[in-house]
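Chains A and B are the protein sequences, given in the same order. Counting in our numbering, the first sequence runs from 1 upward without gaps. Counting in our numbering, the second sequence runs from 1 upward without gaps.
Take these hints with a grain of salt, some might be off.
Derived contacts from chain B toward chain A, CB cut-off under 8 Å, selection only [claimed, not checked]:
| id | residue |
| --- | --- |
| 1 | 166 |
| 2 | 168 |
| 3 | 170 |
| 4 | 171 |
| 5 | 176 |
The set of hints was computed from the structure by calculation and includes no laboratory data. The beta-carbon is built from N, C-alpha and C at its ideal position, and this holds for glycine as well.
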Amino acid sequence: MDTRATGPVLELNKAVPSFDESGLPPVPFSMRLMPGDCAVVEARDASRTTIFADMCSGLVPLTDGSVKFMGLDWNELHDRETNALRGRIGRMTRRQSWADFLGTHMGIMLQQLHHTTRDMEDVVAEATRLSEWFGLPGLPVLRPTMLSDGDLLRAACVRAFMGRPRLLLLEDPLEASSADLEAAFLGALTTARDKGAGVIWLVRNNAVWQGYRQGITSMWRLADDGLVAVRTG
Amino acid sequence: MSESNANPREPGSDRDPILEAESKRQTQHTPFVLHVWVRQKLALLGRLTRHQLWFFLIMLGACWGVVFESFRAHSWRRTVRYEFGVTLNSVVGGGLIATLFAGTLTGVAAVSQTIYWLGLAGLAKMTGSILVNVVVREIAPILVGILLLGRNGMLSVTELGLLTTSGQIRSFQAQGLDPFLLLVLPRTLAFTVGGFTLGILFSFASLVTGYVISRISGVITNPVWTFFYDVVGGMSGADYIIIPLKFITVGFVVGVGGCLTGLTATNQDNLRTLLPRGFSRGLLIVMAVSVLFSLDL
Numbered sequence: 001m002d003t004r005a006t007g008p009v010l011e012l013n014k015a016v017p018s019f020d021e022s023g024l025p026p027v028p029f030s031m032r033l034m035p036g037d038c039a040v041v042e043a044r045d046a047s048r049t050t051i052f053a054d055m056c057s058g059l060v061p062l063t064d065g066s067v068k069f070m071g072l073d074w075n076e077l078h079d080r081e082t083n084a085l086r087g088r089i090g091r092m093t094r095r096q097s098w099a100d101f102l103g104t105h106m107g108i109m110l111q112q113l114h115h116t117t118r119d120m121e122d123v124v125a126e127a128t129r130l131s132e133w134f135g136l137p138g139l140p141v142l143r144p145t146m147l148s149d150g151d152l153l154r155a156a157c158v159r160a161f162m163g164r165p166r167l168l169l170l171e172d173p174l175e176a177s178s179a180d181l182e183a184a185f186l187g188a189l190t191t192a193r194d195k196g197a198g199v200i201w202l203v204r205n206n207a208v209w210q211g212y213r214q215g216i217t218s219m220w221r222l223a224d225d226g227l228v229a230v231r232t233g
Numbered sequence: 001m002s003e004s005n006a007n008p009r010e011p012g013s014d015r016d017p018i019l020e021a022e023s024k025r026q027t028q029h030t031p032f033v034l035h036v037w038v039r040q041k042l043a044l045l046g047r048l049t050r051h052q053l054w055f056f057l058i059m060l061g062a063c064w065g066v067v068f069e070s071f072r073a074h075s076w077r078r079t080v081r082y083e084f085g086v087t088l089n090s091v092v093g094g095g096l097i098a099t100l101f102a103g104t105l106t107g108v109a110a111v112s113q114t115i116y117w118l119g120l121a122g123l124a125k126m127t128g129s130i131l132v133n134v135v136v137r138e139i140a141p142i143l144v145g146i147l148l149l150g151r152n153g154m155l156s157v158t159e160l161g162l163l164t165t166s167g168q169i170r171s172f173q174a175q176g177l178d179p180f181l182l183l184v185l186p187r188t189l190a191f192t193v194g195g196f197t198l199g200i201l202f203s204f205a206s207l208v209t210g211y212v213i214s215r216i217s218g219v220i221t222n223p224v225w226t227f228f229y230d231v232v233g234g235m236s237g238a239d240y241i242i243i244p245l246k247f248i249t250v251g252f253v254v255g256v257g258g259c260l261t262g263l264t265a266t267n268q269d270n271l272r273t274l275l276p277r278g279f280s281r282g283l284l285i286v287m288a289v290s291v292l293f294s295l296d297l
């Protein structure tokens, strides 16, 4: 599997999602995200936002068009290649994503431990550093159900930014969050972009991203007629 | 207040009085037509048959998948090894006391009684072969299978069922974590190793207890190594393959069955539907394996 080092990180080329499988409108979605870009996608419907992020991750079957990540079409890849490629996506989702039989620390590090051969100490050190960056006292080892919503949100931020993600799909991370998390989040976002990650920041409320207005490269709205570009100026 | 409303819904009852009254009201307006009734019953039977066949075929595929993937070095990533270790610890470590206790009870109830009655009938020479055929080959795999199912199989059904119904499996997939590789493969193999280990320990515990009880009650006077020599002498060449294979297979199918029942849960499922389904399927699987190995083909 040869990934492309240059060119768009993510490319939606008139991709028509299957309505039966996704519930998204069966209209062509087109979008291009370059390394270091940060696109804000505004959507009122929370479930639609999650499904759109699924489509970017190649989890939604298409009836037409293509979705390419790092130059590779999700539809043309085998399961192993698809999974390996998804290992390079950092994601924050509204969907339940913490398995209670694993400690939170394992939930945070699972993707890195599964997809990479990095030293365990190295992964733990990065997870601990990011946990502290996002305001946790250290790497949380309790079960996810024992953490507060706020701490779980911080842990989700740590998980999304672990490793060196090439694409970040972030579903409303700052909604109802504290000011210190906002500063940490925007700092981590900038660092990830500097390292070449493309970011899709999915929001319900426009006020959330105003503090990062200068850093936004494009703005979109997820509507019934597909993905509509919005002027940011 | 009407009479039907005055009767509250009983705790634990599946019947919803409101839905029941609504469906009754609808059926009251529909005239009885024989061919429609027959078609409905046939459709129900077909659905049931298809569903059972569907699960059986999924299970066959998953069994092959586990065997195939387990021989690929690439499958044994750190996360898979971690899950294997945790499950094995839970199956063997957690089930050790229960298995030894069940083996001891079997020794008291079955082994010592067998020794006693065979001695009384003058068939003491057959003690070894009968113990091997009845206790080690037939009773041990079934009891160990049921213990595995109850202790860890149902846990897998619950954990994976909740992961599936709450959408966490989808979240795993979004991270590139294949649920089959991450959960089904290591858990099934841990159950397989656990089934063999616990089966051997169960057999040993039951035979030792049976010997001790018989020795204390004065039914036999042989030393313990003579007793075990008789038991080993009662085993045929095929027993050395079939007995371990039976323990291994029981563990394997309980593991696959539990994981798949959890992973095939739908949004309509909850613990009240999942647990009985998982238990009945598991029990059927254990009995089917036991019968298959007992067939004199």
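Hint-by-hint comparison with the structure:
Against a cut-off of 8 Å between C-beta atoms, the interface hint on residue 166 (chain B) holds, since the closest Cβ of chain A lies about 5 Å away. Look at residue 168 (chain B): its Cβ gets to within about 5 Å of chain A, closer than 8 Å, so that hint holds up. A hinted interface residue such as residue 170 (chain B) counts as satisfied when its beta carbon comes closer than 8 Å to some beta carbon of chain A; here the least separation is about 6 Å, so the hint holds. Hint status for residue 171 (chain B): holds, given a least beta-carbon distance of 4 Å to chain A, under 8 Å.
Restraint check, residue 176 (chain B) versus chain A: the minimum CB separation of about 3 Å is within 8 Å; hint holds.
Violated hints for the displayed structure: none, as all numbered hints are satisfied.
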